[in-house]
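As a plain string of letters, each chain reads:
Protein chains: 4
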Amino acid sequence: MTIPSATLDLLSQQAIELPSWAFGNSGTRFKVFGQAGVPRDPFEKISDAAQVHKHTGLAPSVALHIPWDKVPSYSDLRRHAEDNGVKLGTVNSNTFQDDDYKLGSVTHSDPRIRQKAIDHHLECIDIMNETGSRDLKIWLADGTNYPGQDDMRSRQDRLHDSLSAIYERLGEHQRLVLEYKFFEPAFYHTDVPDWGTSYAQVSALGDKAVVCLDTGHHAPGTNIEFIVMQLLRLGKLGSFDFNSRFYADDDLIVGAADPFQLFRIILEVVRGGGYANPDVAFMLDQCHNIEKKVPGQIRSVLNVQEMTARALLVDRDALGAAQASGDVLAANGIVMDAFYTDVRGDLADWRESRGLPADPMSAYAASGYQQRIEQERVGGTQAGWGA
Amino acid sequence: MTIPSATLDLLSQQAIELPSWAFGNSGTRFKVFGQAGVPRDPFEKISDAAQVHKHTGLAPSVALHIPWDKVPSYSDLRRHAEDNGVKLGTVNSNTFQDDDYKLGSVTHSDPRIRQKAIDHHLECIDIMNETGSRDLKIWLADGTNYPGQDDMRSRQDRLHDSLSAIYERLGEHQRLVLEYKFFEPAFYHTDVPDWGTSYAQVSALGDKAVVCLDTGHHAPGTNIEFIVMQLLRLGKLGSFDFNSRFYADDDLIVGAADPFQLFRIILEVVRGGGYANPDVAFMLDQCHNIEKKVPGQIRSVLNVQEMTARALLVDRDALGAAQASGDVLAANGIVMDAFYTDVRGDLADWRESRGLPADPMSAYAASGYQQRIEQERVGGTQAGWGA
Amino acid sequence: MTIPSATLDLLSQQAIELPSWAFGNSGTRFKVFGQAGVPRDPFEKISDAAQVHKHTGLAPSVALHIPWDKVPSYSDLRRHAEDNGVKLGTVNSNTFQDDDYKLGSVTHSDPRIRQKAIDHHLECIDIMNETGSRDLKIWLADGTNYPGQDDMRSRQDRLHDSLSAIYERLGEHQRLVLEYKFFEPAFYHTDVPDWGTSYAQVSALGDKAVVCLDTGHHAPGTNIEFIVMQLLRLGKLGSFDFNSRFYADDDLIVGAADPFQLFRIILEVVRGGGYANPDVAFMLDQCHNIEKKVPGQIRSVLNVQEMTARALLVDRDALGAAQASGDVLAANGIVMDAFYTDVRGDLADWRESRGLPADPMSAYAASGYQQRIEQERVGGTQAGWGA
Amino acid sequence: MTIPSATLDLLSQQAIELPSWAFGNSGTRFKVFGQAGVPRDPFEKISDAAQVHKHTGLAPSVALHIPWDKVPSYSDLRRHAEDNGVKLGTVNSNTFQDDDYKLGSVTHSDPRIRQKAIDHHLECIDIMNETGSRDLKIWLADGTNYPGQDDMRSRQDRLHDSLSAIYERLGEHQRLVLEYKFFEPAFYHTDVPDWGTSYAQVSALGDKAVVCLDTGHHAPGTNIEFIVMQLLRLGKLGSFDFNSRFYADDDLIVGAADPFQLFRIILEVVRGGGYANPDVAFMLDQCHNIEKKVPGQIRSVLNVQEMTARALLVDRDALGAAQASGDVLAANGIVMDAFYTDVRGDLADWRESRGLPADPMSAYAASGYQQRIEQERVGGTQAGWGA
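Residue numbers (full-length UniProt numbering), protein chains in the order written: chain Z, 1 to 387; chain C, 1 to 387; chain U, 1 to 387; chain X, 1 to 387.
It is worth saying that the hints were derived from the structure and are not from the lab.
Be careful, since some hints might not be right.
If several chains are the same, the list does not tell them apart, and a pair holds so long as it fits within one copy or across any two.
Listed below are the simulated DSS-like cross-link pairs for lysine-lysine, each with C-alpha atoms no more than 27 Å apart in a straight line [unchecked claim]:
| hint | residue 1 | residue 2 |
| --- | --- | --- |
| 1 | Lys102 | Lys70 |
| 2 | Lys54 | Lys236 |
| 3 | Lys102 | Lys87 |
| 4 | Lys31 | Lys116 |
| 5 | Lys70 | Lys31 |
| 6 | Lys208 | Lys54 |
| 7 | Lys208 | Lys236 |
| 8 | Lys102 | Lys31 |
| 9 | Lys54 | Lys116 |
| 10 | Lys54 | Lys87 |
| 11 | Lys208 | Lys31 |
| 12 | Lys208 | Lys87 |
| 13 | Lys116 | Lys87 |
| 14 | Lys236 | Lys102 |
| 15 | Lys31 | Lys87 |
| 16 | Lys87 | Lys70 |
| 17 | Lys102 | Lys54 |
| 18 | Lys31 | Lys236 |
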């Protein structure tokens, strides 16, 4: 076996949170293609997410999106999750699907709308108290489409004020996690467009505020692993939203577009002490517009695991020595050696040794779960991202 | 007056076709913000488009989108248009909002679906025969999201076959106009991603097939006016879809993001004989997600007109002499002189001299039309892009 | 006259520092095209820079680059500058043209090379003490070409240590200005690639450390005026390196590629209190690879002035009202009105009223200076950027 | 062994041409870092290139660059190559390092300069007749830095005329291969910026003119394998210049930045019949600015070989079936399976079975060649890219 047992121990600590919304329909502005069997309520989303964990052992928690995942009783939802072997995780707010937010939410010039957006986040914290969630993740669609449309500086100040009001309400062990995104749905400026802005804003709030890095939210060519390194160094990397992209925020299966980039990102997480560190949450945030959802998520967590295994294989001592000697080709070669190592067989064996299927994709296909939900889930409407 | 009368004569020949769908609701994958007063049927769209022409004298025709603009009687629609002072123009097909097209339309591996897509285009040609339209514009959402998902080469061959079947049905004075787009809604490969592909495909069809250049459909940094030059040189520039972008296919008001680029594009149109040339159609294709639709279109056609006026002001003789002498700063300076000239006052005066309002934006606002449609158009549903 | 006198008063306060190296030969990796008459020593560079100021009144100071501009006596150089009507400004360090710096300078893993790079900066501060310069500007070529080549985190820590050592030596009224750049000459990672990194590093140093924003040093699509706003808001915008780009760090004449972007940047400077504020230095940093150098610089400072005039014309009250009312088209229209206003005639008149030539480009051409230097400056070698 | 013998047979047909200039010094506009032992004449370049072939069996020919590789006797050079086990390949012209070409070469408005550039190419063809080379590869630095600097359309027409004159001189079995490049060293427009332009130009010449695709010469985000597919389909893909990039035309070791992209490109070559097809030449074109040259080239050809092996492992039948059934995840999975397979051990065994070293990198290091050239090659000057 190529993978040392110490590495397997590290791999056994890996936990990747799934987004409840990945199991619902999604699409582009041109069309949301509906799929048979998609969940019609948060309980069914949790059930689907639990399938991913059942077959991979990698996804023990599920992130919620409010209001999509509002339920009358969060203790019922929590119990449902636990009955299915998973738990509830991060709570994500939503300030982009209400008509009031057309020109902004927490940055809006109208105090009424700002307060509405703040209140929504306070409600999210109330839900977190019921679900036992630690993290409130905030991604804002706020921005403008035309130069002059609004005053960017005032919006930034209002952003600070609104976040402060939300931050105040956090419990002792809760965190505010601020996501940034290069563009979309705003097309001239975005109020939190880059890691620097997110970092400056969360630093102004306090220790319980950290940054969320979504791997699809950068300008073309951006060296994402550099940002990972920097945020870890600055003590402000709170979580990842993993996904993959060729162009913009394509939200493809993680690792699909550039597996080597995924490897480099995880390599830097490991280097900076962010791996198997509860302060740095691994999460998926992606769409499965044309492929089936549950296997799409299984494929994604496996990709993260495989690249983590490769990253953990890097010979750190040899690498340090090659770097110190200025041997460019040797240092690069040590990293590439790890990347090119095929860890899949070892991982399959190890999986079996832990009572998991060697091939989670096949196991899911053979389980009959997909056919069952496609037959059973007829009628009802789905509340979600692409709704 | 800065603008010579010969230039004004040229400007009086300008005609910009409006897209019927610009008057309906639109949005991003995150949210379509509805607006009061949006049209509920193709007749109301035509009425709105006619307002743009009424106040600017620049937009005498309206492009249709099938099936969004299907009506029981196209002669009724045609008469409605003429009664409002405009005519029906290009017919746009739509092969991206039917579940059958999830993995492709005219490029699909399933012959049934390909035939369905071909038949849709043949229906469009039937409609063109009723509306008197010359151009069938084809933009395809076809593509894949993941490497290996489908065979790109076979899709390209099937694209040729399908387009050939459509081309065959064209009347003597009709044209097939093939649009290209860098990406979206497909995120790995797009079947017509660049001008080269569109050019190769239409060249294989014949003289009645030409290329449509949408100004928002290129990779970052692309020199669009170069493509304009090249397509004119090759005799294959059929039409423009004008809009503006900072990032991807943002579909902002034309000229909003980079007015100098718009100027350079029109400069190259003029240089290459594409201005006031019926073979090169000027069209808008944009969204007004957050601003009002009719004034958004008025602003857009005025921007095109203003930049055309500037482009026509370039001193061609002086420019040629500076270029021939290799005087980089002088040659660039002559072009910049034209761009920096404020033509707005002259255009306002000239507009008035032709019985048009000096300030079309204010004239529309004062006309009461917007208030009227917001009051009257209640109930009904809108069929369209963002529906 | 369109420009109000209060605006002219503001314009009279504008001062743009010229880079001494813009007057020397420059080029690409493929070829440095030599030009007749380029300076052969720092004194000649100052003389050329003084011509720009003489004809425009806009460029009263000249930035130096060490070691390119090393002279036996800085008091002689200072007197030469003053005799020519200008003064010496920012001192730029250079850690990219010594063989020792192949794998890094202040971030190098070898303490000897780091100390050499630190010592170079200390020497620069010594020179600043002689020239009376306030700012030490640091742009670092440091980075790597291949993943794994060096440890990015350690480099970042070493960067902090080295900058701290340099910072310690600053005089009471001196500043350390840290420039960032997306890429080049390193092609995998750059040690100061973005404003966030520069901001984090200078914040860790203290109040006398600030950020330099070079307008050509960003990823494609980056909203630069947003960064201007943010750095002003955070109190860390120290200076600008103005230039223009279509693709990468093209270093074209400022305003040449996207005058509207230049306008928006200056608009945000004005909005944030950075205009006519000595803490925010305006500087050019560009190449004139194929055009003549002195008129290239004249064209550049005029472009900055013209866009500043336009930016100052924005009707702030009307803009605020339109923004507050959520009128997207009106707010954008107010900004565009200012941009489209042709201020060149007014500026020419005003220039004449101040004893400056109405048309600085023509005045320089007519002055005979260019012919003189082309004849006189024969022999000698030029030390500089493209050397 | 994972690799079937039929695949090994295919791999044994692989031949990658090396660029003579990769062995000389190179760099960026900021600095060319000289390396010990670099060749001082074309003979020494050939010797170095032969080392790559000796250790890998992959690089049997060497491309020349004129005038860098001009020698008194090409038959001597040819014999020297043959004595070292390689042969002379493609001849590359150079129209970017002469002062006359500052504003263009074959597109220049001055007929004298155009003729000079044409004559240079005719001289190249004369040399090809002596070296026995088949391909004349033309990469043009032609373009402009500022809008208006020159007339793009006239330049395109002059490009056609000049290429026609060159094409006329080709021998019966010779080819003209026209390379395109997105930008650099021109920063506004480039005369052959994209595959469409190259395709249109070579199509107008005739069957002996084809396109060269350099993998580093595209806009950000471009799907390069699509272009490979399209050019193969159109019968116009003449050759590859392989290298790698994170940002612009970085010219890194092939496969270094995105090995998965290299895999996808080769996959499409195989699919389109371009593999082991003499009409599609594989060539490297890259720099080794900071790493040693010979091992940099060895690493590069090995990367091409490894990715070719992976691409040949794709189960075509299964892939076709998955594609036909519309199973997105399965089809993608089949491609990824091949990519993730570690072929290095098999290739090492196979190499040994053919009398080649299992590990060419180590074998070269152990050979003493590098030490020998570093000691022996002292004095002399190097003519080349970074000179």
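Going down the list of hints, with the structure as the test:
Taking the shortest Cα distances, Lys102 and Lys70 sit within 27 Å of each other inside one copy (22 Å), while across copies they are farther apart (30 Å). Within a single copy, Lys54 and Lys236 get their C-alpha atoms no closer than 32 Å, and across copies no closer than 51 Å, so neither meets the 27 Å cut-off. Taking CA atoms no more than 27 Å apart as the test, Lys102 paired with Lys87 passes in neither setting, with 34 Å inside one copy and 34 Å between copies. With identical chains, the CA atoms of Lys31 and Lys116 are at most 27 Å apart between copies only, with a shortest distance of 18 Å across copies and 30 Å within one.
In this assembly of identical chains, the alpha carbons of Lys70 and Lys31 lie at most 27 Å apart whether taken from the same copy (25 Å) or from different copies (19 Å). Proximity of Lys208 and Lys54 under a CA criterion of 27 Å is satisfied in neither setting, with 32 Å inside one chain copy and 56 Å between copies. Proximity of Lys208 to Lys236 under the C-alpha cut-off of 27 Å is found in both arrangements, the shortest distances being 9 Å within a copy and 25 Å between copies. With identical chains, the CA atoms of Lys102 and Lys31 are at most 27 Å apart both within one copy (21 Å) and between copies (9 Å).
Proximity of Lys54 and Lys116 under a CA criterion of 27 Å is satisfied in neither setting, with 39 Å inside one chain copy and 42 Å between copies. In the homo-oligomer, the alpha carbons of Lys54 and Lys87 lie at most 27 Å apart inside one protomer (13 Å), although the nearest pairing across protomers, at 59 Å, exceeds that limit. In this homomeric assembly, Lys208 and Lys31 never come within 27 Å of each other (Cα to Cα): the closest approach is 39 Å inside a single copy and 31 Å across copies. Taking identical chains as interchangeable, the C-alpha atoms of Lys208 and Lys87 lie at most 27 Å apart only when both belong to the same chain, with a minimum of 22 Å there against 49 Å between chains.
Within a single copy, Lys116 and Lys87 get their C-alpha atoms no closer than 29 Å, and across copies no closer than 46 Å, so neither meets the 27 Å cut-off. Neither within a single protomer nor between protomers do Lys236 and Lys102 lie at most 27 Å apart by alpha-carbon distance, with minima of 30 Å and 32 Å respectively. In the homo-oligomer, the alpha carbons of Lys31 and Lys87 never lie at most 27 Å apart, since the shortest distance is 32 Å inside one protomer and 30 Å across protomers. For the identical chains of this complex, Lys87 and Lys70 are intra-copy neighbours only, at 16 Å inside a copy versus 50 Å across copies, given an alpha-carbon limit of 27 Å.
For the homomeric pair Lys102 and Lys54, neither the shortest alpha-carbon distance inside one copy (40 Å) nor that between copies (30 Å) is at most 27 Å. Taking CA atoms no more than 27 Å apart as the test, Lys31 paired with Lys236 passes in neither setting, with 37 Å inside one copy and 31 Å between copies.
This entry does not satisfy hints 2, 3, 6, 9, 11, 13, 14, 15, 17 and 18, going by the numbered hints stated previously.
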